[in-house]
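Enquirer: Numbering follows this note's numbering, in which position 21 of the sequence shown is assigned residue number 30; successive positions increment by one, without gaps.
Calculated directly from the structure, the hints in this document are not laboratory data. All figures in this text were calculated on a predicted structure; none of them were measured in a lab.
Here are the in silico distance ranges between beta carbons for each label pair: (1) Asn126 - Lys78: 15 to 21 angstroms; (2) Asp112 - Ile63: 39 to 45 angstroms; (3) Asn163 - Leu130: 20 to 26 angstroms; (4) Ala64 - Met30: 26 to 32 angstroms; (5) Asn87 - Leu23: 28 to 34 angstroms; (6) His154 - Leu23: 26 to 32 angstroms; (7) Glu170 - Ser77: 37 to 43 angstroms; (8) Leu67 - Ser142: 33 to 39 angstroms; (9) Leu139 - Lys171: 14 to 20 angstroms; (10) Lys75 - Ser158: 32 to 38 angstroms; (11) Lys111 - Glu160: 21 to 27 angstroms.
All residues carry an ideal CB built from backbone N, CA and C; glycine is no exception.
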Amino acid sequence: HPGIDIQGIIRASLNNAMRLMGFDKKFTGASTITQQVAKNMYFITEDDFVSRKIAEILVAIDLEKKYSKDDILELYMNTIYFGEGYYGIKEAASGYYDKEPKDLNLYEATMLAGVPNAPSLYAPTINMDLAISRQGKVLRSMVEHGYLSQEQANEVSAQNEKNN
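Can you build the whole structure from these sequences, using the hints too?
Expert: Structure below.
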């Protein structure tokens, strides 16, 4: 995608409009990682939603022209909220584990990978059971997409059983 997901925006807009009209729909978002980087880096206030969203889309398209997907992911990881007042992976690694990101082990990295989805729920200092559950989802996804073997995922899960 070029930094925006038009189908996702339309789907989310329809779902959210239906929710506002009283239909039993959940509010949904449609921002790509690139749009979230644009929002995190350039648009702090939520004042004028429509204007901000249009500007966010334009900035996202521009980011996609200037940076690789890996660069955008790095920007994202360095600007998102990890709970407990930690913004970016460096603060999160330091705050939760007293380590640099490069020194995180697989258990710690997969634990942190699950936090940004809902930091107030998944931060390991808030609710370890939910954090472990979310980490399990991260592990399953990594196995499914070939980033981890099932054996590696099982080893991380075994660490949770040993720690609890």
